[in-house]
Amino acid sequence: MKRRLFLKSAMASSAVATAVGAGLLTPKMVFAASDAFTATSKAAVSAAAGASEGTFKFKAPKIAENGAVVPVSVDASNLDNVTNISFLVQTNNTPLAASFNFAGALGFVSTRIKMGKTSPVTAVVTSGGAVSALTNEIKVTVGGCGG
Amino acid sequence: MAEQDLLLPSLSKTDNIKERVMRIKIITMAIAAMLSSTVALSAQQSSVVQADIDAYQGYFLERFPNVDGLQGFSKGAYAMNEDKMMQFEAVMEMPPFEDLVEKGGELWEKPFANGNTFSSCFEEEPSLIRAAYPRWNSAKGKVDTLEQALIDCLVSNGEKKWGTGKGKHAWVAAHLTTLGEGTFINVIVPEGDEAALAAYNDGKKHYYAKRGQLNLSCANCHVEGAGMRVRGNTLSPGLGQTTHFPVWRGKWARKTNGVDGFGTIQRRYGGCNKQVRAKPFKRHKSEYDNLEFFHTAMSNGMEITTTEYRE
Amino acid sequence: MAKIKLKPKAKKGVIKVKAIVKHPMETGLRKDKKGNPIPANHIDHLTVTHNGNKVVDADIGAAVSKDPYFQFQVPGAKGDEITLAYKDNNGGTGSATAKSK
Amino acid sequence: MKKLLITILTVFSFTVFAGDLMPSGHNWNIGSTNQALYDAALAEAKAEQKKAAAVGFEWRDIGKFMKSAKKAMDAGDWSKAKKLLDTAASQGRLGQQQAIDQADAGPISF
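Protein chains in written order, with my numbering: chain A, 1 to 147; chain B, 1001 to 1311; chain C, 2001 to 2101; chain D, 3001 to 3110.
Rather than coming from a laboratory, the hints here were simulated on the basis of the structure.
All C-beta atoms in this analysis are idealised placements derived from N, C-alpha and C, irrespective of residue type, glycine included.
So the derived label-pair ranges between C-beta atoms look like this:
| id | chain 1 | residue 1 | chain 2 | residue 2 | range |
| --- | --- | --- | --- | --- | --- |
| 1 | A | T55 | C | G2079 | 32 to 42 Å |
| 2 | C | K2101 | B | M1086 | 17 to 27 Å |
| 3 | B | S1119 | C | T2097 | 30 to 40 Å |
| 4 | D | K3071 | B | G1182 | 47 to 57 Å |
| 5 | B | G1182 | C | G2079 | 24 to 34 Å |
Only pairs whose alpha carbons sit at most 27 Å apart, straight line, appear in this in silico BS3-like list of lysine-lysine:
| id | chain 1 | residue 1 | chain 2 | residue 2 |
| --- | --- | --- | --- | --- |
| 6 | B | K1168 | C | K2066 |
| 7 | D | K3050 | D | K3070 |
| 8 | A | K117 | B | K1255 |
| 9 | A | K42 | C | K2087 |
| 10 | C | K2078 | C | K2099 |
| 11 | A | K57 | C | K2054 |
From the structure, some residues in chain D lie toward chain B, with a derived Cβ separation under 7 Å:
| id | residue |
| --- | --- |
| 12 | E3058 |
| 13 | Q3102 |
| 14 | G3106 |
Just chain A, same shape as in the assembly (with noise of 0.2 Å):
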């Protein structure tokens, strides 16, 4: 079953509960973000689908080294008011990695991600009550040397 698919069908509430009772799901899978936090991912993944290309700088890996660990950081100093950035990771149930707001910081963040296979990542930017976005594939491969 295709994540992305799931997710459509998952607005309609019934999907979820065939998909509880055909054992596709354990009922923790899908009540394992908040509702709170699901609800703030709905928004942010509604937000980014409406958003402007973005101007700042998102830097993110093109090949993870470490799929547990990916380094993501968006530096949006050059847009002036800047009240939330936030990651996406498309893939995921709950695309929402996290949502950072701001009041009197710089618009910036870097924090790192787990991801269990290559995504789509989007940063969402807000600033003066415009929203842009960036979106980067961030590949994730199993490792075999390093050192």
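Once you have looked at the hints, place chains B, C and D on chain A.
Structure of chains B, C and D alone, referenced to chain A:
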């Protein structure tokens, strides 16, 4: 794309490269001169060994003109791939190993049952210890490594031996590597010392001999293969591999659920041997000690960069 | 129980706030060796305060790495007080305060 | 699947063959005959492994092959055990040859 530029230096750059190699050689010689004048008693480098070092370093400098000079090679595969470098820098912003390096420092200071501490076993002040090893011990007729010296110190003070390769052993070594930041590697194979040259040559042979089922030598991967990709990973250049050990490897950290990713250079040798499907040798015996002697000498003139993260 | 490493450093009127919070960040989706699900245990809320003013207020998901790392930039100077506080989904909390270097 | 079939056939044909040579009622002897063959093959593999190790060119998996061979033998699969021990011995010999081939190894590219 940037990577291809590195692998296939364009012809128009040739003149620049020669100039660069010359310049870097002069700097290296100057550093070597500086070092030997400060350690007036230390023996002169064997001319055979110096020729090997020049050829080895010259090869890398010529082949990778985009790497930032001799010192740039200490960043390994990261120096050859911007995407990886960015991730390395992100990890090093606040590295996962700080706590264990601190613990290593505490173990270094902690008195043994007899009241002595580790420093009683070393003549050098702590910041100079890392770069003082590996070195030829003419009295014993063998190579001394820092890691072996730590074990010897425990034994001579009546303490229980530690396991080698990782754990406490690696933390203390990592503490000393961190203190050693900015000192220079300067392995000397004394001119005219046949036994020292034999140990060096033994290590050199290990480095260039193909081994294991895959029939690959250290040099196949880390000299000829440097910068090339194997199974999605970039092979690091042999030059500069010893500037930052013990390293914290993501791969080793995952084995301990992120608790301890530290390993010594000889732990890494074992891993490399296994990767070509050869049986690894016992740590801190002549095979790896001599390899460490040769391998480190090849990076003479390079700075110890503190302990670092590696994939 | 969780340890916070907080390092604020001022340079040219901007404090770089670097922090690592020791936290397992369990998603609730993983299983242990016996196949039993490992319960979710992750930071879900984080704030940064500068001289008493809240400057960052973040919602954190389970997709943030174990022992999460954050860097923020806050206008300020050496000696300013930075506090980082978090709450996890099980109600666990923690905070650390440091004077900017 | 194919491999398994071949193995079964080999074992089967061996049994039939052995049965032909031996007077009936002596089939219980096959087990101890195989054990003797196994012991000999193991001794050979170990000797080759030791020689390879002595020159510093032992390959990684020789020990593993011998362990698997013991497992196979315990499960009564002599032919699988033989294959594994033969591989172990041959890798031992290849390691020794490698030591000879690499006796003069040194830098070539510069």
